[in-house]
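Undergrad: Those sequence lines, one after another, are chains A and G.
Here my numbering is used: the first residue of the first sequence is 1, the next is one more, and so on.
Here my numbering is used: the first residue of the second sequence is 1001, the next is one more, and so on.
Be aware that one or more of the hints could be misleading.
[Claimed, not checked] The calculated DSSO-like cross-link candidates involving lysine-lysine, where the alpha carbons are at most 27 Å apart (straight line), are: (1) G:1095 x A:46; (2) A:101 x G:1125; (3) A:116 x G:1058; (4) A:127 x G:1032; (5) G:1008 x A:119; (6) G:1073 x A:101; (7) G:1058 x A:105.
The hints are simulated quantities; they were obtained by calculation from the structure and are not laboratory data.
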Amino acid sequence: MASLHDQMAATGKVKRSKDLPQGVERLKEEHKKVVKDCRSQIEHWKKVENDYESLQDRLRTLPDKLSYDIMVPFGPLAFMPGKLVHTNELTVLLGDNWFAKCSAKQANALVEHRKKHVKNTLDDLQKVMKNFQNRADFTDDLEKLTGDTGDFADIREVINEEVVTKGKHRLAHKPNSKPKQEYLLELEEDKEKKESDEERATGLLSEEELWVRLDELDRQEELQDERYRLDSTDTTSSSEEEKEADGGSDVQVNGHQKENGWVPSSITGQMNGTNGSHPEDEEEEDCDEEAGNGLPTIYFSHTAEFKKVRINTGKNTTLKFSERNEQKAQTKRKKQSGKSNGHSPHESYKIKSPADIYRVFVDLVNGEPKPRKSILKSRSRENSVCSDTSESSTADFEERRAAFGRSWSHDDATHSDTSDGITEEESPTGTSPRTNGRFEAFTGTVIEKDPLPCSIPHLTIAPPALPTIPERKLEEVGPEAPQEPPKRMSKFKATRLHQK
Amino acid sequence: MAEAIHKKLQSELEKYQQLQKDVSKSMSSRQKLEAQLTENNIVKEELALLDYQNTVYKIIGPVLVKQDLDEAKATVSKRLEYINGEIQRYETLLKEMERKSEQHREVLSSLQQEYQRAQGQAVGKV
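This is chain G alone, in the form it adopts within the complex (with noise of 0.2 Å):
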């Protein structure tokens, strides 16, 4: 009966530490966006400060390619939005992630009960 439990602790357990680590994965790949957020969003200030005579070149690869400074705002305000997009989205995501973990949590602590439980009857039988 105590194998049973521990048996199932530890399956809990390790599909907990799974979950743990989707969560730490989402996190950082949240912060990276978030560094690309601000960065993106100076970018747009210092093209704000340069005028049409200044030529703005984007790096594709190894070539410096020639753009527009219109084009060049335009491009870095659409990614700007798709950047807050993703960020929503995993916000969403690690939410989710926290509930079920939460869930699991629980779940985790009442086996252990249980399996103390278990254990100290063991003891008292023996």
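Isolated chain A (complex conformation) (with noise of 0.2 Å):
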């Protein structure tokens, strides 16, 4: 410090700003020099123990004989033979000019617990070596990094501002959603440190709450009727569907980041969603590559996709209701303009993601696309149909699908106006869960439904909600009183009487 003074009023400036390269270095020679102390001083202390573990060596063997005829050391530069005795008398020094006579044994207690104490010092030393190795490592890290030197890439989300204060406001209204508020408050913060911060790749959930959440999450997808889904794939959706697909597997900055930083955002998305509008919807894709600040930046966002978060709105509806109004817009802008879905079949062959598999697999009722049925048998499945879930794993998602579809009651009228505009949920390219679960999906719940003779060939195996596609059919002719599922009729026999 006086040095550095001296300098000052030697130069007659004050230095008040160093480079930041120069300072970079001047911590690094610091780090380097604490390090090369320490290191210095373990030695130091490594050869003490050695010492002490030679002494008491000897302290061991000593009292073996009587006496030993040894070279007594005379002067600086003679020996001269003598004899060593009372080889078990030993006058040892405490410290601090103390002195004790004590048994050999004795003093070897002493030199145990001496060497306790230089143990813990040798310690201590090593950690703080450690301590400011990592400093040095870091200071070094910290410099590739703002030198644009290193395989660091900034990678950052642009999010659109009023889009996020809209959903970080607004809470559940769902009546489950209660046990969830944790999460939703974790989410946020987690959400605003991303949009101040670099995107983090596994962001800042922990993996097991983002299972917990996929979990959650899968329940409320089963809840929606995929009908909507059906209704739903008009150009606008679909188009979306794709613009979000092939968005999905544009942004391959680094795809398994990718991957986790997917879920967390759509997490978030979902449960936002579940109160408000999704903050990421309408959201154009963007990947870029730019030197900023020197550093390489990669730009991406979120493509919009409506997310199917399901609420209770008591009539087996399952819409984020934020979106049921844009749904049923498009819905009556869809009537209104006529069914022209020519070339929603043409857009839903573009197959980017699995998600875009299911689409494909759909039936031409009334004109409209719609879903195949789902060939697992659940009672309450009558209206459900096999859907895009990319977040289920097939066996719990039909438990669940199960255990809540009996909760709900049909209205299929209302189902099918707001059907409209509900898109496929989560990435395809979602945790790998969700990709397992796709698949599995894809094995068990292929089945078609079809009750006009369509050209498209189908399996034959009948769906459980078979009965309730020609009702709903028939729904939309004239509404009918909502359909439980204690019409509990054999599905094959449906099956027949539906195809009589």
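Put the two chains together into one complex; each comes in its own frame, and the hints tell you how they fit.
TA: Structure representation (structure tokens):
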């Protein structure tokens, strides 16, 4: 410190700010000095320890004989033959000019005690050394980071402010949203952090939380009526899906990272979706590499996908309430413009993700594409269809669908109205269980329940939900009372009946 | 004008340097005390390991003087307390000196600024 000020005085200037490289250099030097010091001290203390060890050995063997013949040092230059007597009597220096007469064994005990101290000192030194080593490494990394020399890339996601705030402030409407408050809070914090910082690959949610959240979302998913999705596969939604799917595959900055990045964002989207509009809806996808601030910066954003988060609106509709209006509007628009589904199948053939496969397998009912039915047995699944649920694994999915389906009442009229605009759920590049689920789901659930003699070839496994599709059509003609699963007729029978 | 400031600067700088030396002196004596502290602690523990049969000696000059074990223990404890007290004293002293050196640093920096301004003016005039 004194030298610095001398320097200051000598030059007559005050060096207020050092250049970054100089500062970093100096920091590194200091770190290295400390580390070197630590190393030398550690060496010293290790030597001490070794000395004590050999001393202990000597003490053990010393009392073996009554006297030893030795060469006694005589002054600095000569030795003299002599005898070492009273081999068990030792005068030990205790420190600070204190001595004690002890036997060899007692001396041994004292030495042990001292060795303990030495070990403690050694441990402390090791810790300090490690600490400073880490610091030095960190400054190295920091230098690389800012100097644009390393493999670091700044990944930024630009988030639309107002959309974000919309999502933050709303509370959940769902009756069982309370238990998830903790996730809400955590995720909101995380979301804020994400907005301000670079996008971190793994997100700030732990994996376990993610899985739990996924499970919840799966439960929510199955409540959603697939007919909505079917009706909603109009041009806009499907194009959106395609865009999203395309976008999903485009952002391949770091495949794994992105995957994980999707999940938290989509989950947060879901979270906020239950409460309000998805903050990332209707954002364009953008994937650039720019050199910003000396670091390669990669910008990307999540494409819009209407999250099909389910809320109980009492009519077996499971929509985000914020999206219902849009969906209604879309339905109206669509109905006004007439059924122009000419290009929806066309678009649906652009398969970029597993979800798209589901979209391909649609039946044309009344000129509108409708997803195929699930073949899985579930009483309550009268009106469930096989969905592009990217989040669910089959087993759980089916169970939950069964569990939830029963609690819903069907009102298909409103269904069809409100189903427009419900687009696909999570991106196909969701987490691995999702993808696994997708594979599994696909193996088990592709069925077609086509009451019309369509040209599309289909498997002949009767779907449990068969009765409801024709019913639904009837309802579109004229509304019916809600049909609950109480009609427990055998599915095969039902198939036969309907096909007749 | 600049010269006067320059002289003031020099004197302040010397005072500051003196202070710094004092600080470092106190630091080193404090470190010595710390070492003594640890040593006496070890002695105390080792005395506890001995029993009355071992004779304890103390070196006074060239002579090893026999001491009683309990006496020795008491003496060592007293010494420990003394050392602790010294350390406390030095602590307070060091803090004082730090504060003074801070003040001096500020004075120095302000004087330097003045000096620079004066230099600038002088250059401007010329």
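Undergrad: Next step is simple, just say for each hint if it's right about the structure.
TA: We went through each hint and held it up to the structure:
Between residue 1095 of chain G and residue 46 of chain A, the direct Cα distance comes to roughly 35 Å. Violation of the 27 Å bound is thereby established for this hinted pair. About 84 Å separates the Cα atoms of residue 101 of chain A and residue 1125 of chain G, which puts this hinted pair outside 27 Å; it is violated. Note on residue 116 of chain A and residue 1058 of chain G: the hinted pairing holds, with a Cα-Cα distance of about 25 Å set against a maximum of 27 Å. This hinted pair checks out: residue 127 of chain A and residue 1032 of chain G have alpha carbons roughly 23 Å apart, not beyond 27 Å.
A hinted pair counts as satisfied when its Cα atoms are at most 27 Å apart, and residue 1008 of chain G with residue 119 of chain A does not qualify at roughly 53 Å. About 15 Å separates the Cα atoms of residue 1073 of chain G and residue 101 of chain A, which keeps this hinted pair within 27 Å; it holds. Using a Cα cut-off of 27 Å, the hinted pair residue 1058 of chain G and residue 105 of chain A holds, with the two alpha carbons roughly 22 Å apart.
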